[in-house]
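Asker: Going down the list, the sequences are from chains A and B. Per this note's numbering, the first sequence starts with residue 1, numbered consecutively. Per this note's numbering, the second sequence starts with residue 149, numbered consecutively.
Please note: incorrect hints may appear among the correct ones.
Cut-off 27 Å, straight-line C-alpha distance, at most; resulting in silico cross-link-like pairs (DSS-like, lysine-lysine) [as the list claims (entries may be wrong)]:
id : chain 1 : residue 1 : chain 2 : residue 2
1  : A       : Lys116    : A       : Lys102
2  : B       : Lys258    : A       : Lys102
3  : A       : Lys108    : B       : Lys250
4  : B       : Lys265    : B       : Lys250
5  : A       : Lys8      : A       : Lys69
6  : A       : Lys43     : B       : Lys264
7  : B       : Lys258    : A       : Lys116
8  : B       : Lys160    : A       : Lys24
9  : A       : Lys116    : B       : Lys164
10 : A       : Lys112    : B       : Lys250
11 : A       : Lys110    : B       : Lys250
12 : A       : Lys36     : B       : Lys258
13 : A       : Lys36     : A       : Lys116
14 : A       : Lys69     : B       : Lys164
15 : A       : Lys8      : B       : Lys217
16 : A       : Lys36     : B       : Lys271
17 : A       : Lys24     : B       : Lys264
18 : A       : Lys102    : A       : Lys117
Think of the hints as simulated: they come from the structure by calculation, not from any bench. Values in this document were obtained by computation on a predicted structure and should not be read as measured data.
Listed here are the chains, written in short residue letters.
Protein chains: 2
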Amino acid sequence: MSNKNILKFEAKLEAKEGLNISSKIRTHNLEIDEPKELGGTDKGPNPVELILAALGGCQEIVLRFYGQKLGIDVQSVETTVDGDLDLGGFLGVPNIRPGFQKITATTKVKAKGDPKKISELLKIAEERCPVLDILKNGVPTHISIELA
Amino acid sequence: MSNKNILKFEAKLEAKEGLNISSKIRTHNLEIDEPKELGGTDKGPNPVELILAALGGCQEIVLRFYGQKLGIDVQSVETTVDGDLDLGGFLGVPNIRPGFQKITATTKVKAKGDPKKISELLKIAEERCPVLDILKNGVPTHISIELA
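Input sequences plus hints: build the corresponding full structure.
Answerer: Spelled out as structure tokens, the structure:
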């Protein structure tokens, strides 16, 4: 029974010209690139921006999904997510982490319903959002790079 | 001097119909949604799939960027990233985390150059990739949800 709910998600990626990377997620194609200031050709968001979009998207999906489940009329949801990153980490400066130093997400919700249920909804968004858990707590991540 | 290299990245998101979320990252628009099996209309990748694409894209960008810097001819880079997630966490089953249980990325690189420099490149991909750092080590993440 323990593995009944385990889902496997996947993305496939291929480097194109310069820093442009084409990704395929099931039937969806997503171009990843760096802005010109960071050496790319700006054909799409960069990887750390995707992390921020993933968090905002996840928060909003949790609010929508559980809003409906709790009988709350969630009329609108808008989120801004930002992250501070010290480029020194990527450039190899010692004692600076390459990833975000911090991430802040602010969501504005317009909702009608039982105030107790609305409080429950906000608690669920904090506790059950997969991307928030991933970012707050990290994930055992294994990479392998094979030379062809 | 300490804040000289700090960059701020941002994403803005707005809930549309059902679980479809429109995101805006600078000039780029990205539709986020859940597949039909998870209650969405599949207008784009879902948030946890974006996490996987971000990791693969980041690894490939690091290989391309530092390949060029080290004088290595990086001819092709292909990556598959997968993540295992137990849906029970999202559904509120106790003691199951909502996020990925583990993430695995496998990259195939075709590169020509000094073998020592190629070893250095692979080490850099492990040490300086912002998204790998974010996922392995987590980030202080603050969310606030305001009722309009």
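Asker: Hint by hint, note whether the structure agrees.
Answerer: Checked hints:
1. Note on A/Lys116 and A/Lys102: the hinted pairing is violated, with a Cα-Cα distance of about 31 Å set against a maximum of 27 Å.
2. The hinted pair formed by B/Lys258 and A/Lys102 fails the criterion: a straight-line CA distance of about 35 Å is larger than 27 Å.
3. Under the criterion of a C-alpha separation no larger than 27 Å, the hint pairing A/Lys108 with B/Lys250 is inconsistent with the structure, at around 31 Å.
4. Restraint check for B/Lys265 and B/Lys250: not satisfied, since their Cα atoms lie roughly 30 Å apart, outside the 27 Å limit.
5. The hinted pair formed by A/Lys8 and A/Lys69 meets the criterion: a straight-line CA distance of about 25 Å does not exceed 27 Å.
6. Between the alpha carbons of A/Lys43 and B/Lys264 the distance comes to roughly 32 Å, so the proposed pair goes past 27 Å and is violated.
7. About 57 Å separates the Cα atoms of B/Lys258 and A/Lys116, which puts this hinted pair outside 27 Å; it is violated.
8. Between B/Lys160 and A/Lys24, the direct Cα distance comes to roughly 23 Å. Compliance with the 27 Å bound is thereby established for this hinted pair.
9. Taking the CA atoms of A/Lys116 and B/Lys164, the gap is about 25 Å. The hint holds against a cut of 27 Å.
10. Restraint check: the Cα-Cα separation between A/Lys112 and B/Lys250 comes to about 38 Å, which exceeds 27 Å; the hinted pair is violated.
11. About 35 Å separates the Cα atoms of A/Lys110 and B/Lys250, which puts this hinted pair outside 27 Å; it is violated.
12. The suggested pairing of A/Lys36 with B/Lys258 holds, with an alpha-carbon distance near 26 Å, which does not exceed 27 Å.
13. Proposed proximity of A/Lys36 and A/Lys116 is contradicted: the alpha carbons are some 48 Å apart, above 27 Å.
14. A distance of roughly 17 Å separates the Cα atoms of A/Lys69 and B/Lys164; the hinted pair therefore holds under the 27 Å criterion.
15. Restraint check for A/Lys8 and B/Lys217: not satisfied, since their Cα atoms lie roughly 36 Å apart, outside the 27 Å limit.
16. A distance of roughly 26 Å separates the Cα atoms of A/Lys36 and B/Lys271; the hinted pair therefore holds under the 27 Å criterion.
17. The suggested pairing of A/Lys24 with B/Lys264 is violated, with an alpha-carbon distance near 32 Å, which exceeds 27 Å.
18. For the hint linking A/Lys102 to A/Lys117, the alpha-carbon distance of about 30 Å lies beyond 27 Å, and the restraint is violated.
When each numbered hint is compared with the structure, violations occur for hints 1, 2, 3, 4, 6, 7, 10, 11, 13, 15, 17 and 18.
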